[in-house]
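Chains as they are written, first to last, in the numbering used here: chain A, 27 to 297; chain B, 7 to 317.
The hints are simulated quantities; they were obtained by calculation from the structure and are not laboratory data.
All C-beta atoms in this analysis are idealised placements derived from N, C-alpha and C, irrespective of residue type, glycine included.
A hint or two may mislead.
A short list of chain B residues far from chain A (calculated; beta carbon distances all over 12 Å) [claimed, not checked]:
| id | residue |
| --- | --- |
| 1 | ASP206 |
| 2 | LEU242 |
| 3 | SER250 |
| 4 | ALA271 |
| 5 | ILE309 |
| 6 | ARG310 |
Calculated pairs, SDA-like style, for lysine to any residue (alpha carbon to alpha carbon, straight line, at most 20 Å) [unchecked claim]:
| id | chain 1 | residue 1 | chain 2 | residue 2 |
| --- | --- | --- | --- | --- |
| 7 | A | LYS102 | B | ASN102 |
| 8 | A | LYS102 | A | GLY288 |
| 9 | A | LYS102 | B | LEU97 |
| 10 | A | LYS107 | B | PRO141 |
| 11 | B | LYS139 | A | ARG43 |
| 12 | A | LYS107 | B | SER55 |
| 13 | A | LYS107 | B | GLY174 |
| 14 | A | LYS102 | B | LEU150 |
| 15 | A | LYS107 | B | LEU101 |
| 16 | A | LYS107 | B | GLU105 |
| 17 | B | LYS18 | A | ARG294 |
| 18 | A | LYS107 | B | ASN20 |
| 19 | A | LYS107 | B | THR144 |
| 20 | A | LYS39 | B | ASN104 |
| 21 | A | LYS107 | B | LEU62 |
| 22 | A | LYS39 | B | ALA137 |
| 23 | A | LYS107 | B | ASP99 |
| 24 | B | LYS18 | A | THR194 |
| 25 | A | LYS107 | B | LEU97 |
| 26 | B | LYS26 | A | GLU295 |
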Amino acid sequence: MRSVVALAIITFKEGIRNRALFGIGLMALFLLGLNVSVAGFFMRDIGKVTVDMNLSALNFAGLLLVFFVAINLMAKDIDRKTIHLVLSKPISRSQYVWGKYGGILLFLSVSLAFLFLFSCLTIALLLALYPDYFGAFSWGQFVVAATFVLVKLAVLTAIVLFFSTITTSSLVTLIFSLGSYIAGVTIEEVVFYLKSDWATQERVVSESLRTVIDVLSYLLPNFTVFDFSLEAAHGLPIAFERIVLALGYAGGYSAILLLLAGFIFARREFN
Amino acid sequence: MVVVECDRVSKKYNTGLFKKRICAVQNLSFQVKEGTIYGLIGPNGAGKSSTIRMLLGLSRPTKGEVRFRGNVLNAVDLRAEIGYLPENPYLYDHLNLNELLAFSGEAARMEPAVYRLRGRELMARLDLLDAQKRPLRTFSKGMLQRAGICFALLHDPSIIVFDEPMSGLDPVGRKMVFDLVMELKQQGKTILFCSHILNDVERLCDRIGLIHKGQMVREFGREDFLQSASDAVFLLTDRLDESSQRALEPLIIQSRPEGEGTLLAVSVDRYLDVNACLQQKGIAVRGCRSEWVSLEDLFVHHIREHAPCAV
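If we strip away everything but chain A, and leave its shape as in the complex, we get (with noise of 0.2 Å):
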């Protein structure tokens, strides 16, 4: 555990340690003090819009926080073969996916929290310049999805460690988890679709290939489940089990994905 812990701590300090973060965070924040000179236009959306668009933002900023520092976190460990000198230690190949992983975590969560902190204030301005129009506006729904912002690229993560450990090049690992986002947003709106009786009627998608989606809608994630952006920019109440359900998706699914890593990564050779 010791080993994890350490392994967590270095990968931390790497990735924060790290230039590229200032220019996602300052592009982060251009998007948030945007949305404090545009909100006027809205009028009477302007909450809606508001939670919508630093949602979005701390979405974005996440996401590049992930493909291009998080990636390279891992992969220049492997390119420049500073895994070796790790690896030479008492740290197995398992622990040092975990290390890695809860390093990322940490980095992501502090980064996001960051964002997060600035984001919470661009609303409170707002709320205290236009205090008629966040009627249905809630802190606690608005902090439960930008809470699930960070479990969906906690999951995004550990599929990139998951490609990180079959692959050899960093821009493979990008291509393929990049294909997997995309994916894991668009495929609950494929198998409803399939599943409507429009689609019956119509009879464009073959048999076969109605299977093959089927499959795959249980194999890629379903990145749909974290997206709590509706209830925040509406003021829905969030059931409780929803709740509880996708944080144990996420959990489940990051928790696979990461022993096949570690399982594949303890076999790979380094040469």
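Chain A is already provided as a structure; the job is to place chain B on it using the hints.
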């Protein structure tokens, strides 16, 4: 006691789909005894680094076994006994040396007070105290090499694997590392030393394995190449003709052709007699050598002689 043992180890790499497999190491066997320094030498691509990677469990032998104290290397705990310095260590750019050593200590399950103290000792020994809080990306190549040595030695391992430890070091750094390796030997550590700088290998190692094209060409003991300690001097003269050779034979220990001349091993007691004989015959002495045969001579000789391995 044998600490590290490579037993008929072979390693083949897949270089890609539909491509021929590369034989990096073939039927390689050697043993490193406790408290000794074993040097692994060979030209580029000989299979030294592949062998080290198998020793560390980073890759698996296609055939054969690597054993540590008689155990096959698979347990993670066994690595607590090993310190490893790779050639050109790539350390974490954004960490400083203190943080890197803290990681090394934590990974080796040392107490924080112990690894801090040991880290300071090593940094002082390798002249890195002033740079301990600087990010590693600002380190020069030699400093990174020394930082890598600190990282490898922090947990006081009993077996140390050095892959080109002198690479990138200036003369002061080289002397520092040389002295450190000698000190480690005196402490009874077992060291596997891999280098291209044959002079260092010759001075440091008790036993040397010459690898070429993945095979062990020859193993040398110190007696094979170090005779400077014996009471003989080695004179390089003009090439001797048959009559001169016959005249000198009773006076010298042995002779052999060396380039365009002849190298004579002369006992210190007979030096004046030999010198008089050479003067009498009009044979010029071109120089004096400290050794009968250098590791470099042996290296070049065996590499030229060795047939390529079948892949």
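Do the hints match the structure? See the list:
Every CB of chain A is more than 12 Å from the CB of B/ASP206 (nearest about 22 Å), matching its label as outside the interface. Every CB of chain A is more than 12 Å from the CB of B/LEU242 (nearest about 44 Å), matching its label as outside the interface. The Cβ of B/SER250 sits about 56 Å from the closest Cβ of chain A, beyond the 12 Å cut-off, so the non-interface label holds. No Cβ of chain A approaches the Cβ of B/ALA271 within 12 Å, the least distance being about 44 Å, so the stated non-interface status holds.
Residue placement check: B/ILE309 keeps its beta carbon more than 12 Å from all beta carbons of chain A (closest about 24 Å). With a cut of 12 Å on Cβ distances, B/ARG310 stays outside the contact zone with chain A, its closest approach being about 29 Å. A threshold of 20 Å between alpha carbons decides the hint, and for A/LYS102 with B/ASN102 the separation of about 18 Å falls inside it, so the pair holds. The straight-line distance between the Cα atoms of A/LYS102 and A/GLY288 is roughly 18 Å, inside the 20 Å bound, and the hint therefore holds.
Note on A/LYS102 and B/LEU97: the hinted pairing holds, with a Cα-Cα distance of about 11 Å set against a maximum of 20 Å. Distance hint between A/LYS107 and B/PRO141 is fulfilled; the C-alpha atoms sit about 19 Å from each other, no more than 20 Å. The hinted pair formed by B/LYS139 and A/ARG43 meets the criterion: a straight-line CA distance of about 14 Å does not exceed 20 Å. Restraint check for A/LYS107 and B/SER55: the C-alpha separation of about 13 Å stays at or below 20 Å, so the hint holds.
For the hint pairing A/LYS107 with B/GLY174, the CA-to-CA distance comes to about 18 Å; that is within 20 Å, so the pair holds. This hinted pair checks out: A/LYS102 and B/LEU150 have alpha carbons roughly 17 Å apart, not beyond 20 Å. About 16 Å separates the Cα atoms of A/LYS107 and B/LEU101, which keeps this hinted pair within 20 Å; it holds. In summary, the hint linking A/LYS107 to B/GLU105 is supported, as the alpha carbons are separated by about 19 Å, within the 20 Å threshold.
Of the supplied pair hints, the one linking B/LYS18 and A/ARG294 holds, its CA atoms being roughly 15 Å apart against a limit of 20 Å. With a C-alpha separation of about 19 Å, the suggested pairing of A/LYS107 with B/ASN20 holds against the 20 Å cut-off. For a cut-off of 20 Å, the pair hint linking A/LYS107 to B/THR144 stands: about 19 Å separates their Cα positions. For a cut-off of 20 Å, the pair hint linking A/LYS39 to B/ASN104 stands: about 13 Å separates their Cα positions.
For the hint pairing A/LYS107 with B/LEU62, the CA-to-CA distance comes to about 13 Å; that is within 20 Å, so the pair holds. Our distance criterion of 20 Å between C-alpha atoms is met by A/LYS39 and B/ALA137, whose separation comes to about 18 Å. Proposed proximity of A/LYS107 and B/ASP99 is supported: the alpha carbons are some 13 Å apart, at most 20 Å. Pair hint B/LYS18 plus A/THR194 holds up; C-alpha atoms about 18 Å apart against a cutoff of 20 Å.
Only pairs whose Cα atoms come within 20 Å are accepted, and A/LYS107 paired with B/LEU97 is accepted, the gap being roughly 9 Å. Between the alpha carbons of B/LYS26 and A/GLU295 the distance comes to roughly 18 Å, so the proposed pair stays at or under 20 Å and holds.
In terms of the numbered hints stated before, the structure departs from none.
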